[in-house]
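Asker: All the letters of the sequence shown, read from the start, carry residue numbers -29 to -1, 1 to 271 under mature numbering (1 follows the signal peptide of the UniProt record, and there is no 0).
There could be a bad hint or two in this list.
Straight-line Cα separation of at most 25 Å, DSS-like style, residue types lysine-lysine; simulated pairs [as the list claims (entries may be wrong)]: (1) K180 - K155; (2) K92 - K80; (3) K263 - K80; (4) K206 - K263; (5) K92 - K113.
I should point out that these hints are in silico values taken from the structure, not numbers from a laboratory. The model shown is predicted, which means the values in this text are computed figures rather than measured ones.
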Amino acid sequence: MIDYGFDAAILKVACLFTSFLLLAGGVSSQALENFSWDYSPILSDTRDQNILFSDLPGFTRSTYRRDHALITPESRVWAGQPGWVNATTAHLISPTAATGANFVMFLAKLAPEGSAGAPPKGIERFIFVLDGLVDVAVGSAKSGDELHADDYAYFPADTPHRISSVHGAGLLVFERRYALPGRKAAFQRGSTQSQPILPCAGEVFLLRKLLPQTGDYDFNVHVMDFAPGEYLNVKEVHYNQHGLLLAAGQGIYRLADEWYPVQSGDAIWMAPYVVQWYAALGTQPSRYILYKDTTVDPGL
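Build out the structure end to end from the sequences listed, making use of the hints.
Answerer: Written out as structure tokens, the structure reads:
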């Protein structure tokens, strides 16, 4: 039987040692606020081609369990999607799996002159730009907003919109069926760095929330930044589902009773009430982008 208390103690020592190395190198957790994030490894071929997987037939770090899943870059399957032009997508999480996920999470690569198709009726959509430039417009507007890496946009259900790229772009996309009858969310766009850092009692990571925290929105997207050696104080167990993309850095993610080494480009699904905990390791800060359902009665 594994002694998880012993494992956790060892991991805590490793985190503290990593923090010491970080400080010795002249980087502090305060520097995270204005850190220049590089998302290029997420969609880079080096993540799925240059790790010598050809010498390890059948090997993958991906795993699928009753209450969580880890989907690593070498397991992505890229394909066309109806309505999308000059684009391929890799779906990572969806309700069609036996997991019971209440949302869809996928990556999209838009080639030059690429564009996104419309989501089905009743489906809301959130995009986060990982690479390149995209133009977004709502309704019949002939011109819209230009989004760069670290920018995002939210499109309420049944809102006509356009997403296109002249030179190509990489996107993280969340979609789900809007679950708040009688309410109406509004179009949102912004940049991560423009969002305030929010207090989070007992924690050391930097937290930003990208959508309004009002009763009109049934999910939010959190951006969480960790200096090397920092870790979650709370070993979380809650009713909310999560879809997570590790956008930068590396570390250890505990899911249920499993401890997974993770790196930028890895995606995670977390079911309600699964034990979850993260520690950032290495010499570079970690950032993850996290879907979280909100404003929904846990009993329904």
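Asker: The structure should be examined with respect to each hint, and the outcome stated for every one.
Answerer: Right, here's what the structure says about each hint:
no. : hint        : in the structure
1   : K180 - K155 : holds (19 Å)
2   : K92 - K80   : holds (23 Å)
3   : K263 - K80  : holds (24 Å)
4   : K206 - K263 : holds (16 Å)
5   : K92 - K113  : holds (23 Å)
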